[in-house]
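Take the sequences, apply the hints, and build the full model.
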Amino acid sequence: MQTGGDIPEVPGRPDERDRRRVGVDEWVASHDERLADRAGFGKLGRWIDARVPPWARLLIFAAFAATLPLWMSRGDLFVYGIFTLIYILLGLGLNVVVGYAGLLDLGYVALFGFGAYFYALLDSPKYGLHWPSAVSIPIVVASTALLGLILGVPSRRLLGDYLAIVTLFFGQAFVVFVNAANPRNLTGGPNGLADIDPNDLFGYELVTRKQQYWFILGVVLLVLIGLYFLSESRTGRAWRALREDPLAAEAMSMPVNRLKLLAFAFGAAIAGLTGCLFAAVLTAVTSGNFALPILITIYAVVILGGIGSLTGVVIGAIVINVSFQFLAPENSQTNARILFYGAVILLLALGVKPLWRLALVLAGAVVFGLVAHAIASGISESWTNGVVVEGGRLAHVISEWVIIPTGHQRFANAAYLALIVLVLAVTRIRGWLQTALLIPTVYLTAVVWETSFVEEPAVARWILFGALLVFLMTVRPQGLLGTPRVEIV
Amino acid sequence: MPLSFNAELFIQLLVNGITLGSLYGLIAIGYSMVYGILKLLNFAHGDVYMIGAFAGYAVLSLLGGPLSPNIALAPLILLMFLGAMLVSGLLGVVIERFAYRPLREAPRIAPLISALGVSFFLQNSALLLFGAQFRSYNSFVLGSSNPQFFEPGPLIDPVFTVHNVNIQTVQVLVFVVTIVLMAGLTLFVAKTRVGKAMRATSFDREAAAMMGIDVDRVIASTFFIGSLLAGAAGVMFGLLFSQVFHFMGFLAGLKGFTAAVVGGIGSIPGAMLGGLLVGLAESFAAGYLGGRWSDLTVFAILIVVLLLRPSGLLGTRAIQKV
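Line order of the protein sequences matches chains S and F.
Taking this note's numbering, the leading residue of the first sequence gets -4, the next gets one more, and so forth.
Taking this note's numbering, the leading residue of the second sequence gets 900, the next gets one more, and so forth.
Using C-beta positions, here's what the derived DEER-type ranges look like:
1. ALA413/S <-> ALA1031/F: 16 to 26 Å
2. ALA1106/F <-> THR422/S: 25 to 35 Å
3. ALA279/S <-> ARG1000/F: 39 to 49 Å
4. LYS1090/F <-> ARG232/S: 50 to 60 Å
5. ARG1116/F <-> ARG69/S: 51 to 61 Å
6. LEU196/S <-> LEU908/F: 51 to 61 Å
7. GLU395/S <-> ARG1000/F: 35 to 45 Å
8. TYR1187/F <-> GLY283/S: 28 to 38 Å
9. ILE1078/F <-> ALA409/S: 31 to 41 Å
10. LEU961/F <-> SER372/S: 24 to 34 Å
11. GLU1105/F <-> PRO185/S: 48 to 58 Å
These are computed hints drawn from the structure, not numbers from a lab.
Built from N, CA and C at the ideal position, the CB exists for glycine as well.
What follows is the structure, encoded as structure tokens:
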């Protein structure tokens, strides 16, 4: 950091080193560190930031990503590999708008959809156009960027919140337009568009999953490198200044409006590009792929990793997509269960200190569960003879510990509501009572998972993502790897 | 095509539009009040409305279900309204306490994302708890043409016809309840101490705090009242369209928000006016252009209003202070 180096050196003075710090407010300068020290992940994030240079991070990511096709089956490569890459791209684009420029764009997913639909129109039997990707992708990217620019025009006049709502409406209008309005059957209505051509590299069609994976990985790496240089450039720094304080930025004679529009255009271009890849990989587009849930997922990607951090987006996308796919209804629930309990224990480990208190909570939850189970089975057999869904090796343990009733539909709902109340209470209460309350909370978490979430994994994942957004915003708004804001009052 | 003015159709659409507009107006007030005090777009407001509709349904089920309620119609409907308003009012307070209050000093983007998360959480929690199917209020059961308001019997929805214009009893009920609630709110804000504190807080939060107003409590009561009105709107939706479902809050929330913006966000009369305009626009668009264009018309209105007059019809121009 530049610490007032342009002050002329005064030779021979004993306090010379101290003199160099004139004008630097130590308290402000160390604000990041003090904030980051509060949470366990902060240290990890700072360590990564300080010790692993960006090119090394890129290399680690590329090397890891390159091994995926070697050991994954075709289907796994599709849902874990390709989809993660798609989420990385989407997260990177949104990161430019939200993370760098600080503009809340809730119509982002519609730009993604626009790109996908436009590519589908250019490369499908719909109008018999089968343009090569080298032509169609640039056209789609340019027009999506233009659309983003047009969408960004209101941001020149509107304050932040209004922008959010205009873009949210744009996103909703896009879904309605594609799905219901469907003028001249342009968009295929609810059926969407099918039989979309795969991407091609100058005439060589990428048909196998592996080829597609390599192609998208290449695109991701290029975008990552490009965005790294962009974020370190004059424009990138100007965006961050705009995010921290638009008024101050304007006072420093930054072209605020042009910067906002530029951020919108950049984010939109990446969304459009992702749309092309997505449509080609999926070979079909329907409006459901571009609705609110996907928007929430992209936001979860960006916010979990840390707003404004490229490494954060990549990590966020991996975490979110893997949990997303684990919680897919068509997949086995065994992995989802391990992931869920793992996440609960990780959260406890981060939140409950010191260690003996954590041990107390976990042991308490085990005992509490055994007692509750014994009481419930004492009352009636029907309270505990429910079937563990795809329990695997854990099935026996779970059925002896968690109350899974048969024929008590209301129990699952009551448990869910009670869990919400308990979680909210735990966040407010401190001290011994909190530890005591955590015990039934942990147990109820298991009950809710086994009685409701396991039955509806797709709903459960949306609930968890929604809760994740609220939780991160209130507890750790900078995400896992983001840098906290410096509040200079 | 002969260019003839179909007065009956016009009046029918007018009636439908006013009913719909009352509903949107009630939702819009919640947005407007919260925005006026916190400068926060409460995206979760639409879902509070949805929970209100479900709470009304729960009261209905507890009292014997829509087809054979245990008590007479008038107290039943009254209890449904009260139950829904209480549940959603409390829900609004809880949301404010846990999702927004910790973020009051945070950058403005943080509470917006939090609100988005709350909205999504509520929507899917309702999906988990109540399932994806439509829950029916069954107010379409056309019992008799002579509603026995004070005798137990099925929730009925008789239609009376005036000059070929069909008016449902429920539509009249919705309109009357809206007028009552809005009059009550206006009196509350104008006459009571809490109302006065709300106006002061919305004018300048810091100055209000310095004058000894408990700002946290004022904000909580704002959320309570706004959400309470949304809950009432939820029951009205159930009575009007006979069915409630987990996703109903999203579109209604967007339209309520449009109403708030059209009328001038932060202004309570503006929200009522905006609600009426949006309801009428939607009704006429559905009648003359076809149902699939009605939502897009509402969105188009919002965008045009935002571009031409961002402060809305009755709003005051926001001055950005340094």
